[in-house]
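The task is simple: from the sequences and hints, build the whole structure.
Line by line, the protein sequences are chains A and B.
Everything in the first sequence is counted per our numbering, starting at 1 for the first residue and increasing by one.
Everything in the second sequence is counted per our numbering, starting at 1 for the first residue and increasing by one.
FYI, nobody ran anything at the bench for these hints, they're computed from the structure.
Predicted model, so just to flag it, every value in this text is computed and none were measured.
Among the clues, some could well be false.
Copies of the same chain look alike in the list, so a pair counts if it fits in one copy or across any two.
[To be verified] List time: in silico EDC-like cross-link candidates among lysine to aspartate or glutamate, alpha-carbon distance up to 16 Å:
{"id": "1", "residue 1": "Lys214", "residue 2": "Glu495"}
{"id": "2", "residue 1": "Lys456", "residue 2": "Asp311"}
{"id": "3", "residue 1": "Lys410", "residue 2": "Glu40"}
{"id": "4", "residue 1": "Lys179", "residue 2": "Glu498"}
{"id": "5", "residue 1": "Lys154", "residue 2": "Asp183"}
Protein chains: 2
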Amino acid sequence: MSEVIEGRRARGGGAARRAERTAVSFETAKFITRNIPNFEVLNEEALQIIEYNAETILEEIGVNFVENPAALQRWREAGADVRGERVHIPRGLARKLCSTAPSQFTQHARNPGRNVEIGGKSLVLAPVYGPPFVRDLEGGRRYATIEDFRNFVKLGYMSKWLHHSGGTVCEPTDIPVNKRHFDMLLAHMTLSDKPYMGSVTEPSRAQDSVDMSKILFGDDFVDQNTVMTSLININSPMTFDGIMMGALEVYAANNQASIVSPFIVGGAMAPVTVAGTLTQVLAEVLAGVAYSQLVRAGAPVIAGAFVTSIDMNSGAPTFGTPEAAHITWGTGQLVRRLGLPYRSAGAFCGSKLPDAQAAYESANSLNMGLSAGVNFMLHACGWLEGGLVSSYEKFVMDADQLGALHGLAKGVAVDDNAQALDAIREVGPGGHYLGCAHTQANFKTAFWRSDVLDYKPFETWEEEGARDTSQLASAKVKKMLADYVPPALDEGKREALEAYVARRKESMPDAFL
Amino acid sequence: MSEVIEGRRARGGGAARRAERTAVSFETAKFITRNIPNFEVLNEEALQIIEYNAETILEEIGVNFVENPAALQRWREAGADVRGERVHIPRGLARKLCSTAPSQFTQHARNPGRNVEIGGKSLVLAPVYGPPFVRDLEGGRRYATIEDFRNFVKLGYMSKWLHHSGGTVCEPTDIPVNKRHFDMLLAHMTLSDKPYMGSVTEPSRAQDSVDMSKILFGDDFVDQNTVMTSLININSPMTFDGIMMGALEVYAANNQASIVSPFIVGGAMAPVTVAGTLTQVLAEVLAGVAYSQLVRAGAPVIAGAFVTSIDMNSGAPTFGTPEAAHITWGTGQLVRRLGLPYRSAGAFCGSKLPDAQAAYESANSLNMGLSAGVNFMLHACGWLEGGLVSSYEKFVMDADQLGALHGLAKGVAVDDNAQALDAIREVGPGGHYLGCAHTQANFKTAFWRSDVLDYKPFETWEEEGARDTSQLASAKVKKMLADYVPPALDEGKREALEAYVARRKESMPDAFL
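So, in structure tokens, the structure goes:
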């Protein structure tokens, strides 16, 4: 099938070729290229109102860049009115600064067959990011460890419809806070050959991410190419903290991509209305992306929005809601008018279990993400309990559903074969198509098929234990982890990475906060 | 809230008023009026190819009207080339005949506050139709009975986001086949005041449906208004059987609405390609709708498509797939170009349980139905196991999700209140919106909220038994059935309906096949 690219690649050198021959590779689909239109919920008038109001926020209210004198100095030099830590950006300035950011860029993977294009009509899918807990069917809910982390990287590597290894697939809470990033990066770099994300929790950790990437890819390659996409959250409303911006500065200076992303629970960090939230999101994105371009004009950046609504009874964030969809659709339109790649959506849910609630909410969010024109979808699988939990079962359940997004994005062929008029002639009124020549020629690729869900007759399903989806997924998780084989990696690079990590870890005391 | 209409209505007469005072009414949302665009996957060229090919099918291949000499005679008189039971319809004729069908009509309910508009920008939601089995958490899977049937009518009556009582919400298998329709109609007419569907399994049963409706609404009212929408399946490919067409003839002659609906499992009853299926669906819809207009020009009709894909490994129908979405979107475009109301989608799934699979598949289908511009959505809640099972729990789970469709369809307001610029000014960088005036004024209606799903903190949820969605839904089912109170009904009408049913039942022996 043309959409599937092989992970296995010929590499130079006898040792590499020998390593290659013993390596098993798992097929990964090419990133999605949309052949369907985006869904647009805002008309031109609404877009112009929101764009005008966003500039009003920037100019009149301003945004805070906290504990970051260098950022304030950059803004001053760019023409902003800086009062204390508050930056007032004259109407039009932020938009103008954003124009140097590329509308599309390549994120390279160490396996070049797994490079991804971010922007335009593409959609790149990456796994859940950030949960301190994991859950599986047998073990229940517990703090995540580095073993869990490695397991999720393995599952991601083996997931056909997942293009990206992600970043903090769970928090390895058994490793000191100041050393986690080493083990996380090492896992992504050695256990997978898909593209990955860098650390953002300290500027020094961003620098470690760059330095380790240089070992993996080579110094020159990293200078000239984007090999990391990292998640820079904005503290909404309108606050850019020094640590996150420090990480962004490291990445931008090194030509590495940042996702500049307001983190919005509607009603708490943004107004309760969709138009109000869109206005604030746009103002924040404009300021954040503009700042990345002040650090280095032309640095790759993704304009993002993490958006949920809130249950006003309990204060809990809610997912898969219509308001989140409206914001996701609307932000897509606004970001496309800025000419930037767009990050949003994911397999979001508030459920505590990988049950029907989780699936309703996740399916709603995934569908909205596809139709909104999202280019980079973090949290595309494995997210549970409002992002507190990485779920083993939900990881493979969601990752399977991502196959449906690939199918949806293909659009509808209308060539002669697709028109099937000869088949309709052959079968005629009252016939059936199961055996006809056209069906025989096309059935293998005609319909998307789940690799997790149950399609068996009732009786067979009952005899096999009447398993629900989480039980089917649990069996799949176990099989995948048992079947896992790492991708080939040059031994010299592996040793250099491990030596770097050992040396850096030794240079600092453990910190657990 | 403006979108919710009260079921309680003032009626004339002291006795009616007394009955009214003791009646409890359950709020029902007004049918959806879309304030968002439809999603269109086919371009103009693709539409024209499919439309041209559909006319080729009608003219060159033809369609079968079996065991129905009167239909063949009608076609002959209309100008078709009839050979045996095969009707060849000259290019353009069917489309021309379809033009007398109304693009929109009102289906009246006995409570006029629950009338629905079918066509245009509206979306009317009706429950599952047809399963011989039911399932619930305690009782498992079993043959459906009339008690189950009545329970589902009660649940439908009490479901806020469901506009329509439906038809065969499950098959009451404990009632003789030839007498079921009486008990089913009686349940819809007495246990609910929402609009309902008539029987289609024999023309005489369609006539019973009309006659009972005349008792409920009055003879003149039924002559002049549409009070039933009934489901006429086409035996794809291209076959119109005498019994179904006989029912359609009764309904059309009485100015009652029919859904003319190819029943497609892609790869079996239609080609494996999307464009091929769309071509056949359009040909079948053209022929069926045209025929309804030959029976009575101007009779209300809904152009439908029941579409699933097939798992070519097992032969099982599959749901929530990308190909089904493509067909649902494409059929919507084709039907709108015919100027007809559109029926498709539903909470479709193949799962045996109301689990994550059921929810992924159903959410995919529901979202596609909304974005495809569907006007009448049968199976919008309760469908399980490929339509073999009506699930109690899934009925309330899906019915709850229908609230999200209402929210999505609202679109995005951009008035001053929605722009929320004053709120953004008031809160400012680093603040939060939970207490601000704008939030206080708007939070009650700002976000859709589920009445079934879990939004509680983890600890509370765990203390309350760590219930999954099906357990939460089971509790809701029990509470609803315990709280059920029938809508007020004139005693004279009730007695007349019961007398009609008793008399008609006595006139025929029981038949179980």
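For this session: Could you work out which earlier hints the structure fails to respect and list their numbers in ascending sequence?
Result: Structure breaks no hint.
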